[in-house]
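Q: Using the sequences plus the hints, can you model the full thing?
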Amino acid sequence: MKKNVLIIGGGPSGLEAATILKKFNYNVILVERSSILGGHLAKWDRLFPYMEPAKETLDVLLSNIDGITIFKDTEVNSINLLDKSYNVILSNGITILADALLITTGFDLFQAEKKEEYGYGIYEKVITSAELEEYFKTLNNNKIDNPKKIGFVHCVGSRDEKAANRACSKVCCATAVKQACEIKEKYPDADVYCFYMDLRMFGRGYEDLYLKAQKDYAIRFIRGRVSEVSEDINKSLVIKAEDTLSSKPIRVTLDLLVLMSGMRPSSGGEKIKKMLNLMTEDDGFFSTKDSIYSLQHSKLAGLFYAGAATGPKTLPDSLHEARSAAIQIHNYLNN
Amino acid sequence: MKILTSNILQISPSEVIDRIPDSYNNFVIPFVIGITFIILYLSIGLIRIIYHLEKEERITLLKSLFKPKIIIKNIKDIFNDCLIHTKIWKRKPLLGYMHSSIAFGWFLLIVLGHIEVALFVPKHLSISEGSLFYPIFYRFFVWVNPEHVTLRGYFFFFLMDFVLLYILSGVALAMFKRVRSLALGMRHTTKPSLADRFALYSLWAIFPLRLLAESFTADLSGGSFLTIPMNYIFHNFFGNSLNFMPTWWLYSTCLGIFFLAMPFSRYMHILTEPLLIVFRNAGLKVTKPRVGFAEAEIYACSSCGLCIDACPMNVKKKNLKFSSVYFIRFLRRHNTKKINAIANKCLLCGKCFALCPVGIDSPSIRVAQRKTNHNKYEYNYNQINYSSIPKQSKTLYFAGCMTQLTPVILNSLENIFKQAGEDYTILDKDEVICCGRPLMLSGREEAAKELINKNKKIIQESGCNKLILSCPICYKIFKEEYHLKNIEVLHYSQYINSLLENNIIQVKKEDKKIVYHDPCDLGRGSGIYEEPRNVLKSIGELVKADKEREENICCGGSLGSLTLEQKDRNIITEGAISSLMANHPDTIVTACPLCYKTIRNNSPIDVEDLSEIISRNIIKK
Numbered sequence: 000m001k002k003n004v005l006i007i008g009g010g011p012s013g014l015e016a017a018t019i020l021k022k023f024n025y026n027v028i029l030v031e032r033s034s035i036l037g038g039h040l041a042k043w044d045r046l047f048p049y050m051e052p053a054k055e056t057l058d059v060l061l062s063n064i065d066g067i068t069i070f071k072d073t074e075v076n077s078i079n080l081l082d083k084s085y086n087v088i089l090s091n092g093i094t095i096l097a098d099a100l101l102i103t104t105g106f107d108l109f110q111a112e113k114k115e116e117y118g119y120g121i122y123e124k125v126i127t128s129a130e131l132e133e134y135f136k137t138l139n140n141n142k143i144d145n146p147k148k149i150g151f152v153h154c155v156g157s158r159d160e161k162a163a164n165r166a167c168s169k170v171c172c173a174t175a176v177k178q179a180c181e182i183k184e185k186y187p188d189a190d191v192y193c194f195y196m197d198l199r200m201f202g203r204g205y206e207d208l209y210l211k212a213q214k215d216y217a218i219r220f221i222r223g224r225v226s227e228v229s230e231d232i233n234k235s236l237v238i239k240a241e242d243t244l245s246s247k248p249i250r251v252t253l254d255l256l257v258l259m260s261g262m263r264p265s266s267g268g269e270k271i272k273k274m275l276n277l278m279t280e281d282d283g284f285f286s287t288k289d290s291i292y293s294l295q296h297s298k299l300a301g302l303f304y305a306g307a308a309t310g311p312k313t314l315p316d317s318l319h320e321a322r323s324a325a326i327q328i329h330n331y332l333n334n
Numbered sequence: 000m001k002i003l004t005s006n007i008l009q010i011s012p013s014e015v016i017d018r019i020p021d022s023y024n025n026f027v028i029p030f031v032i033g034i035t036f037i038i039l040y041l042s043i044g045l046i047r048i049i050y051h052l053e054k055e056e057r058i059t060l061l062k063s064l065f066k067p068k069i070i071i072k073n074i075k076d077i078f079n080d081c082l083i084h085t086k087i088w089k090r091k092p093l094l095g096y097m098h099s100s101i102a103f104g105w106f107l108l109i110v111l112g113h114i115e116v117a118l119f120v121p122k123h124l125s126i127s128e129g130s131l132f133y134p135i136f137y138r139f140f141v142w143v144n145p146e147h148v149t150l151r152g153y154f155f156f157f158l159m160d161f162v163l164l165y166i167l168s169g170v171a172l173a174m175f176k177r178v179r180s181l182a183l184g185m186r187h188t189t190k191p192s193l194a195d196r197f198a199l200y201s202l203w204a205i206f207p208l209r210l211l212a213e214s215f216t217a218d219l220s221g222g223s224f225l226t227i228p229m230n231y232i233f234h235n236f237f238g239n240s241l242n243f244m245p246t247w248w249l250y251s252t253c254l255g256i257f258f259l260a261m262p263f264s265r266y267m268h269i270l271t272e273p274l275l276i277v278f279r280n281a282g283l284k285v286t287k288p289r290v291g292f293a294e295a296e297i298y299a300c301s302s303c304g305l306c307i308d309a310c311p312m313n314v315k316k317k318n319l320k321f322s323s324v325y326f327i328r329f330l331r332r333h334n335t336k337k338i339n340a341i342a343n344k345c346l347l348c349g350k351c352f353a354l355c356p357v358g359i360d361s362p363s364i365r366v367a368q369r370k371t372n373h374n375k376y377e378y379n380y381n382q383i384n385y386s387s388i389p390k391q392s393k394t395l396y397f398a399g400c401m402t403q404l405t406p407v408i409l410n411s412l413e414n415i416f417k418q419a420g421e422d423y424t425i426l427d428k429d430e431v432i433c434c435g436r437p438l439m440l441s442g443r444e445e446a447a448k449e450l451i452n453k454n455k456k457i458i459q460e461s462g463c464n465k466l467i468l469s470c471p472i473c474y475k476i477f478k479e480e481y482h483l484k485n486i487e488v489l490h491y492s493q494y495i496n497s498l499l500e501n502n503i504i505q506v507k508k509e510d511k512k513i514v515y516h517d518p519c520d521l522g523r524g525s526g527i528y529e530e531p532r533n534v535l536k537s538i539g540e541l542v543k544a545d546k547e548r549e550e551n552i553c554c555g556g557s558l559g560s561l562t563l564e565q566k567d568r569n570i571i572t573e574g575a576i577s578s579l580m581a582n583h584p585d586t587i588v589t590a591c592p593l594c595y596k597t598i599r600n601n602s603p604i605d606v607e608d609l610s611e612i613i614s615r616n617i618i619k620k
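Here the protein sequences come in this chain order: A and B. Each residue of the first sequence is one higher than the last, beginning at 0 in numbering that gives the first Met the number 0. Each residue of the second sequence is one higher than the last, beginning at 0 in numbering that gives the first Met the number 0.
Misleading hints may appear alongside valid ones.
The calculated EDC-like cross-link candidates involving lysine to aspartate or glutamate, where the alpha carbons are at most 16 Å apart (straight line), are [stated by the list, open to error]: (1) K566/B with D282/A; (2) K239/A with D567/B; (3) K566/B with E160/A; (4) K247/A with E430/B; (5) K161/A with E611/B; (6) K566/B with D159/A.
Calculated from the model, a selection of chain B residues having no Cβ within reach of chain A, i.e. all distances over 12 Å [to be verified]: (7) I19; (8) R47; (9) W88; (10) P92; (11) A102; (12) L172; (13) D218; (14) P273; (15) N379; (16) M401; (17) I408; (18) E509; (19) E564; (20) K566; (21) Y595; (22) K596.
In case anyone wonders, no lab produced these hints; they're calculated from the structure. Nothing here was measured: the structure is a model prediction, and the numbers come from that model. We put the beta carbon where it would ideally sit given N, CA and C, even for glycine.
A: Structure (structure tokens):
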């Protein structure tokens, strides 16, 4: 009889792991709480550093899902740890006896309105990186009306203890540079500013993107945090920041401000955590069995993690983890 | 002298006569040593404190001693705080009973002892006739003539026994409290030092020993319901009343030890507190952390430990050592390293001050301590522009940096101003000027004063007659340090409250349960508790928090602390939120941009600012 593997979360990690586990000849069940597969990837337009369309990657991920039992619009109601398996009850009434569980619950974006000094939800012309990405996809957002001056704020809800997140969200620097270039393509006459603490261009091709942004797109990078945002009579935004390289306070008037929301543990993951009393680190993401060798294992036998459920990750990193998790699950089920 | 006494006896038979030749016995020596030491110590201490006061402070103090109003207040406060302990009674009745029974009881014993001497053997009130010890050991020195005892005598016998019983019940409670502090309403109590232990155990022994000693002599010098039966028992057991000498020796020795240990123990507060009250009522304030007025405060600390439970840092036990009581203990011991560590760590929420039964202003001592370390940095405020007020109006609004970082408050207030038809100017619309309080809190008084003077000039020259503030942190310093002439300084909760009371704006009700969080600087710091609550009652149903008003827990965001880590702050915030959630509110409302930001980042339910909820529900004209 085929063994059951249940995957919680239908983002890139979940889809990739499901595809491989299916090839290993397991009975794979994937649960997704929303009505679409692909997670944040499905909402994205293009991917850094080479501007590949997100849809292409998503299409590859979705091309092999035949034979996988997928429940969309479905949540996990309860999980009970049995002797060697997990008894999982879903919100659609179905009960599954899973021999292994893979948690790919990913991340939620930091709620930018919590960082109130940036004025998200208060001033009309303040949007998040996710909204800008959606605009690139649909070209429809009434907040973006031929802006002449555009600013990007890095590290919104990341590396900020007051926003209860000390950690770096890893992807926002490259995303901001990518989006700065893209908006400059759309509005070539606009001045584009990036307010950063330091730029973490760690991946292959990221540094090139950063250089290109300066040389080809004339994006102006200002090292220093934005202290506050206010609105003038014309509904333009007045940004106060410090340029720490010239040690001077600066003031810029902008038509659009984009907040690079960081990654927070997903609310779906929080629910699973409570059901099984799973461990999380200070940053709120799940604890892995160790920090170097067993990144896909949890402390519970038969329960595995992949992707951003264990901390901020880039898309390629998440996909690697999904493949790695599939192999670990295969080893576990054959021992 | 004996002959003289008997001569008098023959003329008019007296109720009470001296029993002991020369009215002296060696057992009084320990007591006399102790009381002499403490009187000398106290005098030198008083001279030291007065020496360290500034000249103007000395003059204010001297003047206050001749103002009838202050004299009456001094007497009232000393009676209430030192003897009756009204403050402790109000919070924890059992603890209050314990304290007042010992303090007031002992005071009564001393006073009644002297009255007895004055009534029956008045010559012993002079110092050459042993006034130092005679009234204390009165029952040892006299013989009461049973044939001549008057009702007056019996009255005093009864009163003295009754008071002793009253004290003994307090001592019993105190002993019980050492074993189980929680029973008397204290979660944590202080760890006594060595001198504390000496003083404590001798204090506990004093009153039972007095009972024993007076019981032994009750057949000679009179007694009542307590001492007479005990005297009867003793006589049946010991057969010989000479056994009583050791108990009188012990009683005197314990008193001596207590007085000798007193200056080095917490019990110094008994003598210092009246002094502190006189200084405080004169209007003196802490300016230096260790000498002058602060010294009176330090020695007035009774080390009771009520501040341990009060301190918001103690939600998790690991921060116990940062409480005021230990801070003051380290100050007494001149432990500079620890003094600085605690002074810098404190949130300055003022809860320990608000709940302190002695009223020791330890937050001010902390700020004074910070001044010794941080006042030396350079500063330059030449860039502040005087010409930045665009137009002149009667009402000036100062947002301050925290409100600038919380645009929803600024927007809501502007809406309220417009609806109220207020002609207003925003003082810091373009350039944010600091009110000076963060500098003040970090001990940089000189820099703060310079800023204050610059701001004061701008405000005074603007020609306004009303200054509205939305940040309690600013409000406190504007109220206390700016001394603005002919300008009414208002927190916006007061302003909105007056708008509602005078029907200038109307609001519609929401079907919501609201809990109000008292910002430290608004509530405890400025005494504004009612206005924001009044405003909220017009919006929805106001529910209570577990701890509120002066007992409210700091939100954890306070600017006061220089070194507290974010992690520890978050724990405090959780504590504050769980107190607010006690009665299952739908919304938390506060009236401080900093509290608002701090609570909002951690709250499971909606958090709104007072101005926001009003602005949303204002009925447009």
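Q: Run every hint past the structure and note whether it holds.
A: Hint-by-hint comparison with the structure:
1. K566/B with D282/A: Distance ~12 Å between K566/B and D282/A Cα, so the pair holds.
2. K239/A with D567/B: Cα-Cα ~30 Å, so violated.
3. K566/B with E160/A: Holds, at about 8 Å.
4. K247/A with E430/B: holds (15 Å)
5. K161/A with E611/B: violated (22 Å)
6. K566/B with D159/A: holds (12 Å)
7. I19: holds (75 Å)
8. R47: holds (45 Å)
9. W88: At roughly 42 Å from the nearest Cβ of chain A, W88/B sits farther out than 12 Å, so the non-interface label holds.
10. P92: holds (41 Å)
11. A102: Per Cβ check, A102/B is outside 12 Å of chain A; nearest 47 Å; holds.
12. L172: For L172/B, whose nearest Cβ neighbour in chain A is about 45 Å away, the distance exceeds 12 Å, so it holds.
13. D218: holds (74 Å)
14. P273: Fine: 46 Å to the nearest Cβ keeps P273/B off the interface.
15. N379: Nearest chain A Cβ is 14 Å from N379/B, so the label holds.
16. M401: violated (10 Å)
17. I408: violated (9 Å)
18. E509: Label holds. Min Cβ-Cβ 20 Å, cutoff 12 Å.
19. E564: The claim is violated: E564/B sits with its nearest Cβ about 8 Å from chain A, within 12 Å.
20. K566: violated (8 Å)
21. Y595: violated (8 Å)
22. K596: violated (7 Å)
Hints 2, 5, 16, 17, 19, 20, 21 and 22 from the earlier list are contradicted by this structure; the remaining hints agree with it.
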